[in-house]
Amino acid sequence: MMKARVPVLGFAAFSGTGKTTLLKRLIPLLKANGLRIGLIKKSHHDFEIDHPGKDSYELRTAGANPVMLTSSHRRAIITEHEQTREPRLEEELAYFNQTELDLILVEGFKQEQFPKIELHRPALGRPLLFPDDPSIVALATDAEPFRIRANIPVLDLNQPEAVARFILGQFFNS
Numbered sequence: 014m015m016k017a018r019v020p021v022l023g024f025a026a027f028s029g030t031g032k033t034t035l036l037k038r039l040i041p042l043l044k045a046n047g048l049r050i051g052l053i054k055k056s057h058h059d060f061e062i063d064h065p066g067k068d069s070y071e072l073r074t075a076g077a078n079p080v081m082l083t084s085s086h087r088r089a090i091i092t093e094h095e096q097t098r099e100p101r102l103e104e105e106l107a108y109f110n111q112t113e114l115d116l117i118l119v120e121g122f123k124q125e126q127f128p129k130i131e132l133h134r135p136a137l138g139r140p141l142l143f144p145d146d147p148s149i150v151a152l153a154t155d156a157e158p159f160r161i162r163a164n165i166p167v168l169d170l171n172q173p174e175a176v177a178r179f180i181l182g183q184f185f186n187s
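Here the numbering used here is used: the first residue of the sequence shown is 14, the next is one more, and so on.
If you are wondering where the hints come from, they were derived from the structure by calculation, not from laboratory data. Take these hints with a grain of salt, some might be off.
When the alpha-carbon atoms are kept at most 30 Å apart in a straight line, the in silico BS3-like pairs for lysine-lysine are as follows [unchecked claim]:
| id | residue 1 | residue 2 |
| --- | --- | --- |
| 1 | Lys-55 | Lys-16 |
| 2 | Lys-44 | Lys-54 |
| 3 | Lys-44 | Lys-123 |
| 4 | Lys-54 | Lys-37 |
| 5 | Lys-54 | Lys-16 |
| 6 | Lys-44 | Lys-55 |
| 7 | Lys-67 | Lys-55 |
| 8 | Lys-16 | Lys-67 |
| 9 | Lys-37 | Lys-123 |
| 10 | Lys-55 | Lys-37 |
| 11 | Lys-16 | Lys-37 |
Cβ-Cβ distance ranges computed for the label pairs, FRET-style [as the list claims (entries may be wrong)]:
| id | residue 1 | residue 2 | range |
| --- | --- | --- | --- |
| 12 | Glu-95 | Arg-162 | 42 to 50 Å |
| 13 | Phe-27 | Asp-169 | 39 to 47 Å |
| 14 | Gln-96 | Phe-185 | 35 to 43 Å |
From the three backbone atoms N, C-alpha and C, an ideal C-beta is built for every residue, glycine too.
Modelling step: build the complete structure from the supplied sequences, incorporating the hints.
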C-alpha cells in the first residue's frame with residue numbers, strides 16, 4: 014500500500030463470519046502490547062453519522078463539503094463523494110491520519126491486494142478465499158486444523174490471543 018506509513022492488515026470474510034467480533038477482542042490484546050491501532054471499516058450500506066435537525070447535517074445538506082465535527086472528545090470529518098462508487102483502500106488511506114499509529118486494521122476490502130487474515134467458518138457453507146488470493150497471509154477458522162489443507166498458517170478463530178501472537182510475530186517480530 015503506497016499510502017500506508019505503518020503496516021496494514023485486513024480481515025477478509027463473508028458477512029456473518031465474525032470479523033467485528035474478532036476485532037473487538039483482538040484490539041485490546043494488541044493495545045496491551047503497546048500498539049497504537051487504527052481501523053478502517055468498509056460498509057456496504059449508505060450511512061449517516063449526523064442526523065436531520067443537527068447543525069452539522071443541515072450545513073452538509075446545504076452544500077458544505079467536507080464538514081468537520083469536533084469536540085473535546087473526538088473529531089469526525091464527513092466528505093461527500095461526488096459520484097457514488099466503491100471506495101478503494103489506497104484512496105481511503107490517503108485521508109487517514111497515520112502519524113500516531115503502529116498498525117492499521119481493515120475490515121472489508123476483501124477484493125483488494127494487501128495482507129489479510131481470512132476468517133472462515135465451514136458451517137456457513139461459504140468457499141475459502143485464500144486459494145484464489147495470494148495476499149491472504151493466514152487463515153483463522155473454527156474448523157479442525159487437519160480438515161483444511163493450507164500453505165499458510167492456520168489459526169484458531171476462537172482464540173484471539175493466538176491471532177494477536179501471529180500479528181505481533183508477523184509484523185513486529187515479537
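Each hint, compared with the structure:
no.: 1; hint: Lys-55 x Lys-16; in the structure: holds (17 Å)
no.: 2; hint: Lys-44 x Lys-54; in the structure: holds (18 Å)
no.: 3; hint: Lys-44 x Lys-123; in the structure: holds (24 Å)
no.: 4; hint: Lys-54 x Lys-37; in the structure: holds (13 Å)
no.: 5; hint: Lys-54 x Lys-16; in the structure: holds (17 Å)
no.: 6; hint: Lys-44 x Lys-55; in the structure: holds (22 Å)
no.: 7; hint: Lys-67 x Lys-55; in the structure: holds (25 Å)
no.: 8; hint: Lys-16 x Lys-67; in the structure: violated (34 Å)
no.: 9; hint: Lys-37 x Lys-123; in the structure: holds (19 Å)
no.: 10; hint: Lys-55 x Lys-37; in the structure: holds (16 Å)
no.: 11; hint: Lys-16 x Lys-37; in the structure: holds (25 Å)
no.: 12; hint: Glu-95 x Arg-162: 42 to 50 Å; in the structure: holds (46 Å)
no.: 13; hint: Phe-27 x Asp-169: 39 to 47 Å; in the structure: violated (19 Å)
no.: 14; hint: Gln-96 x Phe-185: 35 to 43 Å; in the structure: holds (39 Å)
Comparing the model with each earlier hint shows violations of hints 8, 13; every other hint is respected.
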